[in-house]
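Line order of the protein sequences matches chains A and B.
So the number in our numbering is just where the residue sits in the first sequence, counting from 1, plus 10.
So the number in our numbering is just where the residue sits in the second sequence, counting from 1, plus 953.
Hints listed in this document are in silico derivations from the structure and should not be mistaken for laboratory results.
Source: prediction; values computed, not measured.
Please note that a few of the clues may not be correct.
Derived DSS-like pairs: lysine-lysine, alpha-carbon spacing no greater than 25 Å straight-line [stated by the list, open to error]:
{"hint": "1", "chain 1": "A", "residue 1": "K235", "chain 2": "A", "residue 2": "K319"}
{"hint": "2", "chain 1": "B", "residue 1": "K959", "chain 2": "A", "residue 2": "K134"}
{"hint": "3", "chain 1": "B", "residue 1": "K959", "chain 2": "A", "residue 2": "K36"}
{"hint": "4", "chain 1": "A", "residue 1": "K235", "chain 2": "A", "residue 2": "K134"}
{"hint": "5", "chain 1": "A", "residue 1": "K134", "chain 2": "B", "residue 2": "K1212"}
{"hint": "6", "chain 1": "B", "residue 1": "K1212", "chain 2": "B", "residue 2": "K1141"}
{"hint": "7", "chain 1": "A", "residue 1": "K235", "chain 2": "B", "residue 2": "K1212"}
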Amino acid sequence: MIDRMISFIKKIRAKFTSTSSTGYSKRAPYLFLTPALFMITVFFFFPVVAALFMSFTDFDIYGLSDIGFVRFIGLSNYADLLNDPLFWTALKNTFYFVLVGGPLSIAVSLGAALLINSRLVRFKSFFRLMYFVPVVATLVSVAVVWRYIYHPRFGLLNFALDKIGIEPIDWLGDPVWAMPAIILLAVWKNFGFNMIIFIAGLQNIPEELYEAARIDGANAVSQFKSITLPMLAPTMLFVGIITMIGYFQLFAEPYVMTQGGPVNSTLSIVLYMYQEGFRWWNMGYSASLAFVLFLIIFIGTLIQLRVQKRGYEG
Amino acid sequence: MNRIHKIFLYALLISTAAITLSPIVWMLSVSLMPAGASSTYPPPFLPDDVTLEHYENLFTRLNLARYLLNSTVIAVGVTLLSLLINSMAGYAFAKYRFRGRDKLFRLLLAGLVIPAQVTMLPLFLMLNKMGFINTYVGVMIPGMASVFGIFLMRQYMLSIPDSLIDAARIDGAGDFMVYWRLVIPLCKPIFVTLAIFTFMGTWNDFLWPLIVMTDDSMYTLPVALANLMGEHAQDTELMMAGSVLTILPVMLVFMVLQKYYIQGIMMGSVKG
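When you get a sec, could you build the whole thing from the sequences and use the hints?
Next comes the structure, spelled out in structure tokens:
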């Protein structure tokens, strides 16, 4: 065994060192690439294709025990999705989270970035670090913590709201408030990340532009509108796309805090996919959910690219 | 005018910092309270008596040391392997000319639009066939090579002057020697950056270990914590202690190496 390993290593070393006339080994780049390409092909690209095939089959718990039970059923899974009220609920909830939570997160990030980037502020890196702490924290841990913060009787949030005269809310027990509660957690957890990117974008705007505007008598609001926002457009596009992609994959927050409830008001696409695939082993159906998610993210990215491009030109 | 402006700015900055940090401080504070002390109204922010009983319980009764070990082995393992694999691929893309290089690189980048969840069902079946369910290897496999890692490595390595590499070659160093002895030492900063990204991403990951680790003794910390939440939801103080222990290692890594982490985000965004 060891002999074979040694001769194998020798062979590889010989391949690395065999040089062509120019002194460059022809094989070297391929050898350097092999491990990464092997892993990515076998454990990423192949499963993507396999998942597509799976979504055209009735792969379920019987298929898991014997692949012979799996039948090709064409687009039936996708047709079933369209008639599945839970799918529509999950879709609606996920869009709610993305369309409300996404812009809210980005707005808070931009606000924090503008604050820290202000010329009047010192200790910039200290504040930046403090705002970044939730980004690093393990999501499951903070979801656990926020479950208690949202406690209807002993929670900190209702206590704080009581101080300003707002009646207690059963955050995670009321179908109306459960998703806003998850959005609030997500904004708190994530704003620091985009903030860093916005700070980098703000620092790339030439100071002369603001000086010229000030000489022309432009106030802070119009400077923001006519200089900061247009100059930040590429950053905004990047932030918009990565935030949207991340938010469409909502899973751990509802899994830990609400298990998708109450009355499915926080059931997300990925949570539904997980339940169908790994709890009930309806893997064919679950695969079709995964592809719908992929399609939505893909279309969402295209739309953002299109809209922002038009924004540049107009 | 400027003074009022300044006071207003600082008030806003400090109150935002207070709101941002309060859940984390509260978690730490409640984890030190005696059982049941936090379930009173008004909610106490600081403990009257400090106790470490919940931390003790986690280790003696709830097998926390095992989860800590699982998380550590997986996160460190993925980090080391992915550094090696991604840096080799990044080096090939940055410093070699070969047929189909740019096409291949673009194909990999295109793969970034596919969400990982799409791969999980077939991957689970594959690992099941290979006997990797409930093993460290099973959790580690999808993280070992990443397009993002290859991209970061390549971008950084493009800045290494060719003349340096040629000089090493003239001195008789083979391809692998050049990579190992010259390129890696030159790329220390990006290695540190990618190491933090990978370590934290793997440590904090939830869905994939939840799927692969079906046996209690193989849980990672986040999976164990979510599972604990099902059984011990009423034990607020115990759950907080568990949360603190789960967050602590990543926080320490971040605090020590935050400069590299933040630079990495900026690099990814500016050049991406």
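Status of the hints after comparison with the structure:
1. A:K235 x A:K319: 18 Å, holds
2. B:K959 x A:K134: 14 Å, holds
3. B:K959 x A:K36: 62 Å, violated
4. A:K235 x A:K134: 24 Å, holds
5. A:K134 x B:K1212: 14 Å, holds
6. B:K1212 x B:K1141: Roughly 14 Å separates the two Cα atoms, so the pair holds.
7. A:K235 x B:K1212: 32 Å, violated
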